[in-house]
Amino acid sequence: MVDKVVELPVTIEIPVGPQHPALHEPVLLKAYVDGETVVKVEVNTGYNHRGIEKLCEQNTFYKDIFIIGRVCGICNTVHTDVYVRALEQILGLEPNRRAKYLRVVAMELERIHSHMLINAVMAEVVGFDTLFMSIMLDREKVMKAKEILTGARVMADYMMVGGVRRDLSDADAGRIAKLVEQVRERLTYYKRVFEEDTTITKRLIGVGVLKRVDAVRHTLLGPVARGSGVRIDARVSDRYDAYDELQPEVVVRGEGDSWARMMVRWDEALVSAEIVLSALSKLPRDGSPVPDERKLPRKFPPGEAYTRVEAPRGELTYYVMSDGKANPYRVKIRTPSFTNIVNSAFLYEGYTIADLPVILASLDPCISCMERAVITDLRTGERRTVPFTQLSRGDKAWRGRGFYLL
Amino acid sequence: MARPRLLPAVVRSLLGRPSTVQYPYVKTEVEAAYRGRHYADLKKCTGCSLCAIECPADAIAMTQIPAHLEAPKSNPRRVYPKIDYGRCVFCYRCVTVCPFDAYVTTNFYGMAGPRENTSEQLSLGTLERVV
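For the record, the sequence lines run as chains A and B.
Quick note: the first sequence, position 334, residue 334 per my numbering, numbers continuous.
Quick note: the second sequence, position 61, residue 1061 per my numbering, numbers continuous.
In isolation and in its complexed conformation, chain B is listed as follows (with noise of 0.2 Å):
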């Protein structure tokens, strides 16, 4: 009975490049279209709280935005989503439900670390400050 040949495949795998990726050291490769890290542009935020509402993972606050950034005129509660990386589990259910396509996406996926993760910083540096 021929037998499949296993040995080749187990020779090539010893003398070649390990298949594993060194994760933090080397950046796995990702799809542009991955559901990474994403975050409101406040530009386009109106503050309407939709995605707090619809987010399954409960992980968007509708928080203040501080008063030394100029916030747009249809923003008139001066409200942002700020979405807790750590609870989120990346659906985009916030994504496509906004109304205003204020969502910006990325394919950035390492988040992981001991310190809290928010998209606070991200979100603030869409907008400007009040000169």
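Pulled out of the complex, with its shape left as it was, chain A reads as follows (with noise of 0.2 Å):
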């Protein structure tokens, strides 16, 4: 007779990336979880390895702006500004306000469309996607006024060393004030909706709680930072560019969970619009800001320079050295995303499965849904992959096969 049963416990290795459309970046979540709770995350990288930093050095000072634009789509004005700014430091060159009140405008409409792209894919992963293409409708407004500003949707292409690359005229300046008030009234509206619909709320109020001592101890930078309660801005710190005059608010929250998170995102969007409305109503007209490309430095002195940034997903640096060749030394590129995401593999444990896209998302990379799951048979230390859709027929298909889902 058999009087005692032991069960052991298998353990699921649900892998969430690299790939998946809703990906911004290929990152892979390797995530255990016991049952529906997540014990332990790993984070892997370097799905997307393009070798930038080496590329630069192989590259003019000149080239590598546009180069450097590509590192990021969503965020290449404030990677440009940076590695600019850098360039500016080495040559001892300084923009005229003009210039630096376009770049802030421009970096600025960048934040507000990149907060609003966060806070849609958010709304999508809560399954909430009428909300998902109401907001991502509302911020084809934003990518109109960049390109009104700047010449294309995306790639701004924007900064030079010096200045920038095109002078804004008054009757586009009145266009683009025109509609970031519209893109205002609609970002209050959404604020609201993520405030107070059950939907939203439900699935992101007191999910991936972090703790203002975890989040000065861990590095996180950015919203995430902010709304655990940690007081970071490099805007304020720093007053680059016109920041000086266009003094942001900081937007700090103390809840330290995924909704205080999104809600930051939806403050500082609320923020970006003031700073981009007054300073498109106070533009300095202290001459061209466009730089004559023709006639800036060729030969860069030996020299380094550190410039910081305070991009939408927190502080971006650079570090350029300069030896007096044609092309620079070193080019480092320190983004915010990267400590965010490799160091929060805490953040995700005790909460459950469907938590998991919520919380990376909350971080702003926004990798979602799972797509296979590795099955680890404990007792012989096999390991299948099986598709999801196989493994959705149910518990009967595996029964004979001696594995058993738990």
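Quick caveat, the hints were computed from the structure, so don't treat them as lab data.
Cβ atoms here follow ideal geometry from the backbone N, Cα and C, with glycine treated the same way.
Incorrect hints may appear among the rest.
[Unchecked claim] A few chain B positions that, by computed beta-carbon distances, are all more than 12 Å from chain A:
no., residue
1, 1065
2, 1078
3, 1101
4, 1118
[As the list claims (entries may be wrong)] Where chain A lies over chain B, by a calculated footprint (3+ residues, C-beta under 8 Å):
no., stretch
5, 1006-1019
6, 1084-1091
Join the two chains, each given in its own frame, into one complex according to the hints.
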């Protein structure tokens, strides 16, 4: 007679990523789950390594401006701005006030559309596709404003050593202001939706709680840290470009959960809209902001520069070193996404599989959905990859093969 | 608690026209200053190759002007920049570094296609045939 049954737990390792249509960046999250609860997450990166830093060493300083814009499509103006400011430090150049204001306008427009995008993706992740469509439709207005300003919806290629690459006429400034005012109205509405809608609040509040001490200990940046009460903003601490006059209000929330991070983004988008409007209303007229690219210095003196900028995802830093030759000796990029994703594996523990994409999206690389499961049989150590459709056929199909889904 | 009303927006979207632009059939409205297809006006171009040197995407190849076309005297080497639009990233670096302002810019963007797409026809079209 059998009087004792020993149940062996089957550990399921669920890879989230590295490829999915909804992903911004290919990242693999290996989640180890006990039933529904996530017990451990390993973050694997390196799927999108393109060797851009090395590529920069092989191209001239000016070509690098356009290469660096392609590090990330969503935040291309902040990337080029921080690199161009590093070059200006090496050269000892200073753009005029109008150029600095226009740079701020471009970067803040980008912040608005980046925050709208991740909030839309969050709505999609929690299964609220109507809201996703609605936000993305309104985001097109910001893209249009960016097109008026820079000449392209996404790839701005707007920054140049000594200024920006195209001036803004008063008529176009008025059009951008009109578009931003429309968007600001919608942002207020969406903020209210995120505050009051049951679907959103049920899925986001209390999920992925990040304590202030952990945010500091794991060097998390940007809205992730600000959602946990850390007052960190390079725009305020560095006052680069025109931020000495256009001081942004630092949005900080104390809750520390996924919802707080998304709300920080909505509030920041509203603050950005204010900055854009005030920058457009008092655009200085101290000459042309567009440098003649044919007369810019061809030779860079030996030297180094370390600059930082507040990207939509957090603090972005560049280190550029020149040894007096045609190409930079070293370009070191540290992006906020990398710190936020690699250092935040502890954030998922204790939450369910369904919360995993929510927490990930709240960190802003938005990797969602799982594609297939790897089943590890603890008795034999055998690992098999099983398509999810097959798994969904139920427990019966597995019993005969010695696997138990607990 | 007062809920924001998404339903009216949903109904409006259902009854109204779709927001999606049916791209190949309907043209997307772009700005006049949109960075679209650009090509060199060979009446101004001197064949100095600066654009080809400066191109970050390496999309410009200096090519010989065919013998049946009349090249200006300022272009003694008879070369012109042929832009490969498949490689081009439309940063307009060539436009801004050109010492003779030889580039013609347009806001044309419909360049996707299976065939090789270069600025050859557009650039050579600015020259006249040798009589």
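Hints and how they fare:
The beta carbon of residue 1065/B sits about 24 Å from the closest Cβ of chain A, which is more than 12 Å, so the claim that it is off the interface holds. Its beta-carbon lying about 24 Å from the closest one in chain A, residue 1078/B satisfies the requirement of being farther than 12 Å from that chain. The Cβ of residue 1101/B does not lie farther than 12 Å from every Cβ of chain A; its closest approach is about 10 Å, which violates its non-interface assignment. Residue 1118/B, annotated as away from the interface, keeps every beta carbon of chain A farther than 12 Å; the closest lies near 20 Å.
Given a C-beta distance limit of less than 8 Å, the hint that chain A covers the stretch 1006-1019 of chain B holds, as 5 residues qualify and 3 suffice. Beta-carbon proximity to chain A at under 8 Å applies to 3 residues in the stretch 1084-1091 of chain B; the threshold of 3 is reached and the given coverage holds.
In this structure, the one hint that does not hold is number 3.
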